[in-house]
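Going down the list, the protein sequences come from chains Z and W. Under the numbering used here, the first residue of the first sequence carries the number 1, and numbering increases by one thereafter. Under the numbering used here, the first residue of the second sequence carries the number 1, and numbering increases by one thereafter.
It should be emphasised that the hints constitute simulated quantities derived from the structure, not laboratory data. It cannot be assumed that every hint is accurate.
[What the hints assert, rightly or not] Mimicking DSSO-like on lysine-lysine, the simulated pairs with C-alpha atoms at most 30 Å apart in a straight line are:
hint, chain 1, residue 1, chain 2, residue 2
1, W, Lys311, Z, Lys363
2, W, Lys363, Z, Lys189
3, W, Lys133, W, Lys363
4, Z, Lys311, W, Lys311
5, Z, Lys144, Z, Lys311
6, Z, Lys161, Z, Lys289
7, Z, Lys363, W, Lys133
There are 2 protein chains.
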Amino acid sequence: MNAAGIVVEYNPFHNGHLYHINETRRLSNADTLIAVMSGSFLQRGEPALVDKWTRTAMALHHGVDVVVELPYVFSTQKAETFAKGAIQILHHLHCQSFCFGSEDGRIEPFLETEQKLHDHKKQLGALIRAFMKEGISYPAAQTKARHELFGEHGLPLDLSKPNNILGFHYVQENTALGSPLMPLSVLRKGAGFHDMQAAGSIASATAIRSHLFSNRPIDGLMPDQAASLLSSRPLHSWEHYWPLLRYRLISMPTERLAAIYEVEEGIEGRLIQAALQNDSFHSFMEQVKTKRYTWTRLQRMMTHILTDTDKATMQSHEQVSYIRLLGMTETGRAYIRSIKKELAVPLISRTASGRHLLELDVKASRVYAAASGIPEHDTASLLEQEFSRPPLLL
Amino acid sequence: MNAAGIVVEYNPFHNGHLYHINETRRLSNADTLIAVMSGSFLQRGEPALVDKWTRTAMALHHGVDVVVELPYVFSTQKAETFAKGAIQILHHLHCQSFCFGSEDGRIEPFLETEQKLHDHKKQLGALIRAFMKEGISYPAAQTKARHELFGEHGLPLDLSKPNNILGFHYVQENTALGSPLMPLSVLRKGAGFHDMQAAGSIASATAIRSHLFSNRPIDGLMPDQAASLLSSRPLHSWEHYWPLLRYRLISMPTERLAAIYEVEEGIEGRLIQAALQNDSFHSFMEQVKTKRYTWTRLQRMMTHILTDTDKATMQSHEQVSYIRLLGMTETGRAYIRSIKKELAVPLISRTASGRHLLELDVKASRVYAAASGIPEHDTASLLEQEFSRPPLLL
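Let the sequences and hints guide you as you build the complete structure.
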């Protein structure tokens with residue numbers, strides 16, 4: 001069999017995702033489509049709109065054959081680490097290709113840029129270190145170093161666009177693994193990542209979430225099955241975790257706060273002060289954010305505070321050491337059977353069997369289930385699912 | 001000046017408390033009445049029905065001249081430790097007498113019992129140790145040892161009644177300090193501690209809380225001013241902390257849970273399991289409680305889990321090391337001025353000035369303010385008060 005891999009969050013699943021699936025099948029000629037999907041907390045440091053089981057069902061209903069979970073240690077991280085975990089998993093699952101949506105849409109600029117940056121690795125490193133010594137942040141120093149070395153438009157790929165960046169890191173990790181997968185890219189159609197306006201029937205997930213939370217109709221922006229699955233579930237947002245995060249921030253010892261992953265020295269006092277003063281997550285974030293601490297960076301930090309995940313724990317999980325199955329179609333089952341004996345890491349179907357490995361993912365799911373004040377939200381049943389549910393079969 | 005001390009929780013203030021105040025004045029002949037009052041969390045391991053400022057106002061309006069806070073390290077403890085902190089504070093404040101309500105109502109049985117137990121300390125200790133070796137709990141072994149030594153009714157005081165027990169510990173601590181205060185007792189009139197039926201105009205605080213939470217009228221059971229103060233405030237119960245406690249229980253590392261004060265080896269797993277399965281504090285408690293882990297004992301444990309207070313922290317605060325002023329009348333102010341220079345521990349008027357000492361109390365107040373889902377509850381303003389409010393003056 002021949003599998004293609006994609007990396008997704010489906011927060012929620014929309015027409016753009018359907019296009020990505022269909023294009024991946026067309027370009028890769030694969031008979032099996034595998035999605036690595038973030039679990040309870042996502043790359044931008046947010047709780048998923050709906051639980052991972054519902055998002056798995058959306059994927060299976062719309063053309064994905066196997067859904068596996070991107071572990072918490074990778075899913076809540078900057079592009080580089082997120083990409084590393086995802087591509088490692090697709091590698092472990094013996095995919096022959098992977099395909100990502102990008103603002104560019106062609107694969108060549110990714111490969112050429114990767115090659116060019118690789119060839120100038122030493123000079124770039126030296127420049128970046130020099131800029132950082134001047135007090136410039138790492139991402140800014142990186143951009144500045146590239147401009148200095150290649151000119152402002154000297155790279156084939158525009159690395160200021162979020163999906164180009166993510167795609168670039170997929171390609172880079174794939175190269176680091178010895179290029180086992182053929183890389184493919186499709187043009188992101190319609191609206192941009194954060195655009196609030198729908199372009200035809202394709203709107204960004206950000207726009208759809210905004211519609212949902214303000215009770216505006218989303219007719220036609222999601223495929224029917226996905227829309228129907230979504231409508232049956234309570235919607236999660238950071239505001240539903242604000243009572244918990246606030247409680248945690250105002251009661252935890254400062255030393256513990258300082259030990260949390262991504263919490264940098266000096267910000268602890270400001271976080272506690274803002275938690276004391278604000279009655280919503282939004283106003284808290286508005287007070288805390290600065291040029292240095294962007295919204296996304298802060299959200300990731302808040303995710304780790306909420307889940308009480310410290311630096312030592314995160315640093316001890318640098319490689320993919322297990323793969324958790326969330327769901328499969330008939331085709332997906334056949335594929336998994338065909339590769340099962342060649343797997344280098346354990347494939348986990350139920351929490352119970354991989355408890356010691358899944359520790360962080362289980363905790364993230366528990367915290368996700370502890371959301372406060374969502375009407376009809378049933379913490380106990382969500383937790384029950386985390387512990388006893390086998391992969392969804394379609 | 002001549003001060004009498006009382007130890008109170010006022011949860012909420014009712015006619016029985018007014019009787020206690022009037023009788024204390026009559027029996028002691030004091031010109032100043034000082035109340036040591038539990039702050040945010042109470043002796044039975046519960047959040048106070050209303051914040052400590054409102055309860056201070058109730059006290060000042062109904063005859064108390066000075067209200068000081070019984071620190072968290074004493075207020076959330078078994079009778080012995082609770083009594084120790086309270087009597088030490090009254091001792092520091094140079095009270096000449098103290099007066100407590102009891103089921104007995106006379107002071108002599110307390111003094112005689114204290115003497116008798118003191119005289120047989122060694123034999124009692126040996127018997128208790130022997131019984132405990134047989135696997136009997138400390139309180140049960142204590143009772144059994146007393147029965148063995150003195151017969152079932154051989155002590156002048158019935159030490160099976162909750163207020164007799166508390167009073168006995170007040171007397172015992174006062175003796176340990178060299179009997180600086182004259183002990184007095186008044187008969188608890190009307191309803192018993194937990195009785196749900198009002199006896200005339202006196203109902204227990206438990207009964208009043210039950211009326212309040214089920215929206216039944218409490219007409220005539222509280223003095224007017226106290227009733228009016230209460231009606232303006234949101235009411236706190238354990239259920240308002242359940243989302244926070246549950247979140248904490250299901251996300252904290254087991255080692256941390258085991259380090260929490262009062263958490264005993266072996267119960268951690270049961271607590272986490274029950275937190276996963278229950279949607280209310282009440283059903284959680286029903287599932288966890290056993291003959292060994294009584295409701296009150298568990299509630300105290302839950303208080304320490306909620307405030308993240310560990311064994312090491314509690315054990316480092318065995319003596320009273322500061323006194324926090326919550327409110328005063330004119331008379332109270334004059335009294336405090338008159339003794340100010342003779343105080344052996346710092347008297348703290350505002351959090352800011354005693355921050356390093358008040359750490360645990362401040363944290364308890366922060367957690368208290370973090371209550372979730374109380375209509376019209378304003379966390380930020382309650383927190384603001386904790387940090388900037390000077391003692392209430394009447």
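To see whether the hints hold, each was checked on the structure:
For the hint linking W/Lys311 to Z/Lys363, the alpha-carbon distance of about 25 Å falls within 30 Å, and the restraint holds. Restraint check for W/Lys363 and Z/Lys189: the C-alpha separation of about 51 Å exceeds 30 Å, so the hint is violated. Note on W/Lys133 and W/Lys363: the hinted pairing is violated, with a Cα-Cα distance of about 38 Å set against a maximum of 30 Å. Between Z/Lys311 and W/Lys311, the direct Cα distance comes to roughly 25 Å. Compliance with the 30 Å bound is thereby established for this hinted pair.
A distance of roughly 29 Å separates the Cα atoms of Z/Lys144 and Z/Lys311; the hinted pair therefore holds under the 30 Å criterion. A distance of roughly 22 Å separates the Cα atoms of Z/Lys161 and Z/Lys289; the hinted pair therefore holds under the 30 Å criterion. Pair hint Z/Lys363 plus W/Lys133 does not hold up; C-alpha atoms about 40 Å apart against a cutoff of 30 Å.
When the structure is compared with the earlier hints, violations turn up for hints 2, 3, 7 and for no others.
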